[in-house]
Amino acid sequence: MGKQINESKSSIKNKAIGNTKSEPLIIEYSSSGRKGYSLPKIDLPNKDQELSELLPQNYLREELKLPEVSEVDVVRHYTLLSQKNYGVDSGIYPLGSCTMKYNPKINEDIARLDKLSNLHPYQDEGLVQGSLEILYKLKQNLAEISGMDEVTLQPASGAHGELCGLMIIKKYFEDKGEERKKVIVPDSAHGTNPASAAMAGFDVIEIESNEEGMVDIENLKEVLDENVAALMLTNPNTLGIFEKDIIKISELVHNVGGLLYYDGANMNAIMGYVRPGDMNFDVLHFNLHKTFSTPHGGGGPGSGPVGVKEFLKPYLPIPLLRVETNSKESADGTGRDAKFNDNNMECHEIGTTSIDDNGAYDGENQEKDIYKWDYDRPQSIGKLQAFYGNYGVMLKAYSYIRKLGANGLKETTENAVLNANYMKARLKDEYHLPYQENSLHEFVLSGIKQKEKGSSTLNIAKRLLDYGQYAPTIYFPLVVKEALMIEPTETENIKTLNKFVETMKIISREIEESPDLVKNAPHTTPIGKLDEVKAARETNLRW
Amino acid sequence: MSYISNTLQEKEEMLKTIGIAKMEDLFKAIPQEVLFQGKLEIPAGLSELELLKEIKEQASRNSSLDEMNSFLGGGAYDHYIPSIIDHIVSRSEFYTAYTPYQAELSQGSLQAIYEYQSMICQLTDMEVANASLLDGGSATGEAVLMASRITRKKNIIISKSVHPAYREVAQTYGKQQGLVFTEVEIKDTQTNLEQLDSAIDQNTAAVVIQYPNFLGSIEDITKIKEMLNSFKRTLLIVIANPIALALLKSPGQLDADIVVGEGQALGNTINYGGPYLGFMACKEKYLRQMPGRIVGATTDQNGEKGYVMTLQTREQHIRRGRATSNICTNEALNALIATIYLSVMGKHGLKEVAEHCLRKAHYLAEKIETIPGYIVLNKGNIFHEFLIQPPGDTKVYYEKLKEKGILAGIRITSLGYKFDALLVCVTEKKTLKELDQFINALEVVKNG
Amino acid sequence: MDIPKDLFYTENHEWTLVEGNEATIGITEYAQEEMGDVVFVELPEIGDVFEQFDSFGVVESVKAVSDVYLPIGGEIIAINEGLFDSPELINEEPFEGGWLLKVKIENKDDLEELMDYEDYAEFLEEEG
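Chains as they are written, first to last, in our numbering: chain H, 0 to 542; chain B, -11 to 436; chain V, 731 to 858.
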């Protein structure tokens, strides 16, 4: 593309990263009659019958415009496109709030096993007992990690989980005959919190954080009344700071009859150390694609299971996975003897699962466990997705938890917090640190010193790309000016962290010595800074 | 084993830099009263070898579709998936990337989404499409909310010939905003048009129709659109099967206002119901009310063409409580799969897949009708699914066929229909031999 | 910063030009600078009636949405349709070609709630 870096003074030489050749659209490779697929011949008596005899004449399609390309065209095109992308496998991805940790490859292999993936959602429960067992164990593990009593795996993303949790809260109050309209959200919250609350039909009340970046108890008291359905919190909050008054906060909310919702985006900071259930949260969602290492896929698929305390269990979405055993006590706690009358159910004996050295599954009658979807849930909020949620993602998360075990999960949190604090210690002199409080797995810097010298946080972010490193989350949380929100995760090692720190320092120097280099960044990426104003004003959304 | 690469020595060095003595000090901001004192009751970790062995052992209790002769459909379809798809989406630059917020290092994802939007528009003949929604069900939910925002009306009419799960999801979404749903009955496996006609009035925000419908029949959408024409601001939402659209008149030509659907059939593994992707397209005049991400083309400072997420002011991270939807993470990788599928199958391949489905389904339906006692319920036209009623108890027949390794279809009473029948689905993967095996088995189970 | 002397202002940075019974409304130079490049404007329909300080539409840049409030109550008698194709007029000529709409003044007392240019200049200074 022949971009020029005019600042010859700079000692920093960047090599072009990724594929900088511009790549045409797949449709531009199209040539009439070219084919890239192979299908068997149709070997049926009706193979020559006119389509108009098989379909109504007035519903026959006249024209279908799609590419006509060869297999190699397609492979090359998307391979070239992939080279213009940056993933966790390319390098550090320090997006605050996003937990971009390494995505273990074994998870991918497991999710692709034919016996686990080649299953139809309407297959009889008896034909998918292996999968249901995995899902059940995942559910139990998540309940244990979070200190909740029951978990649904159905929501397909974090925001979907929030929506689910808020619907549960709404239904709970409806059944109690209380009409509570307000959901309180701190000003540092993720945008999905107020959006989900609004979508669930609540009025959103935003409260200002205090000087330490935490919930301001006085502000909270002011808005608390009998009309409050819930307070949504993430703890540690989006500044990475632990809300130390959480018990007090929970008491205040519970005292007016409201519930506490935990946004699980930051769970990587607390595994094995704190459990939301023990902090008196009533509902929470997990982000399997953050904490539990499943890949983000360039924007999905994710998975956002929801956990609740016992009293909210009846409201969980349909269907809910449960286990039935032949022993006197059924494992779902109903005390009913299991009945196997359903002909749709294959009641073959299930072999023993591996015995773990912790004996966590001891006492369960493994041979007799039968997993079933429970649709008979009259108080449920209903269905959120056509089937059971993002099953393939759940397999990966289960594989991760099973591989790490209790110790591995705790170690994960420890190292996530260590990495973040190390980076903070090394960066806080060069960049302004607006909140001095102890932080956990992420921290927020402000680019105001650099802004005064003429370069914005956006410029810094773009300049980082030139060094082959992804930028932190910027301009969020909204309570920090020129925010740079950094979350390294536990999977980066000290060398990678040092490199990032050094780059941040170099950029800060560049802002003084060769400002245009920073202001006009990026220079070495597959494409230069893109004109977003033009994209919005002259919308071009398709070929 | 966890995925941590710092050595003990490095950790010490890091603690020193931070200025603390031990790991626990990192957590000193957490008050003692909430610290978890116990140990998580989660089994100890495994090596890769042990893990794989354990999981395979568990998986052995499943029966995969390849081990049976399955005729299950109903919104999750077992189509052929070209080899190249998994090879391309396994490129970790794609699957380990985040949402493309830093456009300059995300051109691969962004251009692919632009191509996806383009091909969804071509397939549906609509003007604009978004970057994907969570699945066909939630896309239906988002569509009714969108229709309500556009029309400022609250009443939604939905046919009982729409997928029962989609109807449920739409109602779960809609009732939060006070939407009122009216379900229209079925007549001969299609929407009862007379009842529909009398249900529509000036308060109707939208009519929701599936095409082909859940029971396999092709609805007369032209007629339904005509019913709407006498009302101002009542939208037509069509839930379309993307494979069927290769042969069927496009929703755009039928003047649909919003088109949604399940995109799984486009190259995505059947995966026990997810992850799938919901697609959504609409008329351009409704663009601002469309939920979800949208990618647009633009240029960089040198005039090079590039792609960015655009019109983001509709979304939660900017408009927060007043956004068009709370959706953030969508199904980008599944949309990439659909994009590759539509590219490699292309204009001719998609049509050929659809023809396989159509001809094989017709062959099977006609053969079944010739077996005395069996009835095919669809009176109208079908694409690749249809309803059959066996001469006796459907459940008994289903079980007998299962013993023979045949999953004969979905028993529709299990999804809330008042009458029982088997919803039979045929895709291009079915061979003549498998179809004939089914036909023979139907005869055998009838006689024994 | 340009603050024309013949206009009235609000704390939300709308300006009002009064001509007889009609008022023309827009957003100030300060507002457009804060917003950045305007890419989209949503306006009410002619004939809609609003009370003073009702929100009547939105002005959007790439990454921000701003509600706009009517400084004077009354019926909308004209909207600046040119903005639909050229929203950049708000950036380029906020006080002229970038006007948003005209309203038929219902009650002239509404004007007392507004700032004159001196007050507005002072207000901007306080805002920093």
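Derived by calculation from the structure, the hints in this document are not laboratory data. Bear in mind that the values here come from a model prediction, so they are computed numbers and not experimental data. Be careful, since some hints might not be right.
Derived DSS-like pairs: lysine-lysine, alpha-carbon spacing no greater than 30 Å straight-line [to be verified]:
hint : chain 1 : residue 1 : chain 2 : residue 2
1    : H       : K104      : B       : K27
2    : H       : K175      : H       : K114
3    : B       : K388      : H       : K114
4    : B       : K417      : H       : K40
5    : B       : K163      : H       : K180
6    : V       : K793      : H       : K181
7    : B       : K27       : H       : K498
8    : H       : K533      : B       : K417
9    : V       : K793      : B       : K273
10   : H       : K452      : H       : K409
11   : H       : K308      : H       : K180
12   : B       : K388      : H       : K427
13   : B       : K141      : B       : K27
Against the structure, the hints come out as follows:
For a cut-off of 30 Å, the pair hint linking K104 (chain H) to K27 (chain B) stands: about 28 Å separates their Cα positions. Restraint check: the Cα-Cα separation between K175 (chain H) and K114 (chain H) comes to about 45 Å, which exceeds 30 Å; the hinted pair is violated. In summary, the hint linking K388 (chain B) to K114 (chain H) is supported, as the alpha carbons are separated by about 24 Å, within the 30 Å threshold. As the CA atoms of K417 (chain B) and K40 (chain H) are separated by approximately 11 Å, the hinted pair is consistent with the 30 Å bound.
Distance restraint check for K163 (chain B) and K180 (chain H): the Cα-Cα separation of roughly 15 Å lies within the 30 Å cut-off, and the hinted pair is therefore satisfied. For the hint linking K793 (chain V) to K181 (chain H), the alpha-carbon distance of about 27 Å falls within 30 Å, and the restraint holds. A C-alpha spacing of about 35 Å is found between K27 (chain B) and K498 (chain H), which places the hinted pair above 30 Å, so the restraint is violated. Distance check on the hinted pair: K533 (chain H) and K417 (chain B) sit about 46 Å apart at the alpha-carbon level, beyond 30 Å; violated.
Pair hint K793 (chain V) plus K273 (chain B) holds up; C-alpha atoms about 21 Å apart against a cutoff of 30 Å. For a cut-off of 30 Å, the pair hint linking K452 (chain H) to K409 (chain H) is broken: about 42 Å separates their Cα positions. The straight-line distance between the Cα atoms of K308 (chain H) and K180 (chain H) is roughly 21 Å, inside the 30 Å bound, and the hint therefore holds. Taken as a hint, the K388 (chain B) and K427 (chain H) pair is broken in the structure, with Cα atoms around 71 Å apart against an allowance of 30 Å.
With a C-alpha separation of about 53 Å, the suggested pairing of K141 (chain B) with K27 (chain B) is violated against the 30 Å cut-off.
Violation of the numbered hints given earlier is confined to hints 2, 7, 8, 10, 12 and 13; the remaining hints are satisfied by the structure.
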